[in-house]
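Enquirer: Each chain, written out:
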Amino acid sequence: MTELLQNSVYFGVIISILSYEAGLFLKKKCKLAICNPLLIATAATMIFLILSNVPYDSYYEGAKYISYLLTPATVCLAIPLYEQFEMLKNNWKAIVFGILSGVLTSLVCVLVMAILFGLGHAEYVTLLPKSITTAIGMGISEELGGYVTISVAIIIITGVLGNMFAEGICRIFKIEDPVAKGIAIGTSSHAIGTTKAMEMGEIEGAMSSLSIAVAGLLTVVGASIFAGFWI
Amino acid sequence: MKYVKQFSIIMIITFIGEVMHFLLPLPVPTSIYGLVLMLVALLAGILKVEQVRETGRFLIEIMPMLFIPAGVGLMDAWDVLQPNFLSFAVITVVSTIVVMAVTGVVTQFIIQKERKDD
Numbered sequence: 001m002t003e004l005l006q007n008s009v010y011f012g013v014i015i016s017i018l019s020y021e022a023g024l025f026l027k028k029k030c031k032l033a034i035c036n037p038l039l040i041a042t043a044a045t046m047i048f049l050i051l052s053n054v055p056y057d058s059y060y061e062g063a064k065y066i067s068y069l070l071t072p073a074t075v076c077l078a079i080p081l082y083e084q085f086e087m088l089k090n091n092w093k094a095i096v097f098g099i100l101s102g103v104l105t106s107l108v109c110v111l112v113m114a115i116l117f118g119l120g121h122a123e124y125v126t127l128l129p130k131s132i133t134t135a136i137g138m139g140i141s142e143e144l145g146g147y148v149t150i151s152v153a154i155i156i157i158t159g160v161l162g163n164m165f166a167e168g169i170c171r172i173f174k175i176e177d178p179v180a181k182g183i184a185i186g187t188s189s190h191a192i193g194t195t196k197a198m199e200m201g202e203i204e205g206a207m208s209s210l211s212i213a214v215a216g217l218l219t220v221v222g223a224s225i226f227a228g229f230w231i
Numbered sequence: 001m002k003y004v005k006q007f008s009i010i011m012i013i014t015f016i017g018e019v020m021h022f023l024l025p026l027p028v029p030t031s032i033y034g035l036v037l038m039l040v041a042l043l044a045g046i047l048k049v050e051q052v053r054e055t056g057r058f059l060i061e062i063m064p065m066l067f068i069p070a071g072v073g074l075m076d077a078w079d080v081l082q083p084n085f086l087s088f089a090v091i092t093v094v095s096t097i098v099v100m101a102v103t104g105v106v107t108q109f110i111i112q113k114e115r116k117d118d
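In order, the protein sequence lines correspond to chains A and B. Last residue of the first sequence: 231 (this note's numbering), numbering continuous. Last residue of the second sequence: 118 (this note's numbering), numbering continuous.
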């Protein structure tokens with residue numbers, strides 16, 4: 001059985017989809033942030049792989065066809081953005097300064113806490129691109145001399161946390177405007193957070209999509225400056 | 001046929017994004033080039049939103065699922081995260097919350113201020 005699962009091309013796709021379905025079902029039953037479909041699906045798939053002794057690489061042989069669609073799906077985020085373009089034009093000042101404040105907060109936060117925890121420079125620059133989309137973040141980490149695999153892991157964890165916390169944070173900090181919600185989610189937790197913004201509404205989703213691109217590019221510049229702030 | 005056409009348009013734009021990523025020396029990934037290209041094409045009227053809408057909606061709807069393989073990949077990341085696990089965990093959780101809150105509050109503050117000024 002293990003051999004079959006290890007060699008199957010379709011198994012990786014099926015276990016991912018089924019565990020996601022299970023996550024959606026649990027989400028319906030329980031409204032807690034921990035009942036997040038992506039978190040549950042990821043955890044369930046991991047547990048299944050460990051129990052059935054299937055290494056990640058053989059799972060990924062099949063599952064890579066799911067990941068393959070990620071780039072065209074991200075391209076399609078232009079569609080809601082286009083449909084909400086009026087919203088963007090009317091609020092451009094708030095959007096630009098909002099994203100800028102988020103990017104700076106992220107860099108300052110990482111700098112201050114990296115010093116507090118006594119991390120080395122390599123660990124510090126590894127964490128700098130944590131809030132932006134993986135493809136850009138990996139490049140920054142590599143460029144600045146960080147550990148790329150750790151950056152990727154932290155970026156994904158950040159996305160899942162943002163996806164889980166988004167509703168709670170908006171409630172606690174009284175962020176009620178849909179544009180502000182979208183910008184907050186996209187700037188702090190890139191595409192994975194954006195999937196939550198999409199669920200919250202059209203405007204939230206569109207603004208979050210916009211933030212992925214803008215925050216990503218601002219971080220390219222910001223991170224290389226912040227990499228020099230080290231004693 | 002509608003879906004075939006829509007999917008080919010999306011894939012062609014993605015491919016042009018890939019070509020730009022390959023040719024231009026900027027740290028911009030294929031997906032961002034593609035997103036900007038599609039937005040520009042829509043705004044310029046080269047592309048009608050009806051030509052990509054349904055397939056685009058479908059891809060966006062399944063997007064959370066598309067992150068599962070990358071998320072599961074974290075099972076192999078434990079070895080590299082473990083030496084600094086506590087500091088990484090605290091920094092990741094705290095900064096995600098702070099960044100989201102600051103960005104949202106600042107954006108909302110400016111929006112409300114602009115509305116009052118109008």
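Hints in this document: simulated from the structure, not taken from any laboratory. It is possible that part of the hints are untrue.
[To be verified] Covered by chain B, per the in silico footprint, the following chain A stretches (three or more residues, Cβ under 8 Å):
#1 49-62
#2 126-137
[What the hints assert, rightly or not] Estimated spans, in silico, between C-beta atoms of each pair:
#3 K113/B to E142/A: 32 to 42 Å
#4 V93/B to S52/A: 23 to 33 Å
#5 D57/A to K113/B: 47 to 57 Å
[As the list claims (entries may be wrong)] Below, a sample of chain A positions facing chain B; criterion: calculated Cβ distance under 7 Å:
#6 Q6
#7 S8
#8 G102
#9 T105
#10 V112
#11 M113
#12 I157
#13 G168
By construction, the Cβ of each residue, glycine as well, lies at the ideal position given by its N, Cα and C atoms.
Enquirer: Next, verify each hint and record whether it holds.
Expert: Each hint tested on the structure:
With a threshold of 8 Å between beta carbons, the proposed coverage of the region 49-62 of chain A by chain B holds, since 5 of its residues qualify and at least three are required. Restraint check on the region 126-137 of chain A versus chain B: 7 residues with Cβ-Cβ distances below 8 Å, three needed, restraint holds. About 40 Å separates the C-beta atoms of K113/B and E142/A, a value consistent with the hinted range of 32 to 42 Å. With their beta carbons about 31 Å apart, V93/B and S52/A fall inside the hinted range of 23 to 33 Å.
D57/A and K113/B have their C-beta atoms about 53 Å apart, which keeps the hinted 47 to 57 Å range intact. At its closest, the beta carbon of Q6/A sits 15 Å from a beta carbon of chain B; the interface hint therefore is violated under the 7 Å criterion. A distance limit of 7 Å between C-beta atoms decides the matter here; for S8/A the minimum to chain B is near 15 Å, and the interface restraint is violated. Interface hint status for G102/A: upheld, as the beta-carbon distance to the closest one in chain B is roughly 3 Å, under 7 Å.
Look at T105/A: its Cβ gets to within about 4 Å of chain B, closer than 7 Å, so that hint holds up. The interface hint given for V112/A is broken, as the beta carbon of that residue sits about 9 Å from the closest beta carbon of chain B, more than 7 Å. At a threshold of 7 Å, the smallest CB-CB gap from M113/A to chain B is about 5 Å, leaving the interface hint in force. Restraint check, I157/A versus chain B: the minimum CB separation of about 6 Å is within 7 Å; hint holds.
The interface hint given for G168/A is violated, since its Cβ lies 9 Å from the closest Cβ of chain B, which is over the 7 Å cut-off.
Against the hints set out earlier in the document, violations occur for numbers 6, 7, 10 and 13.
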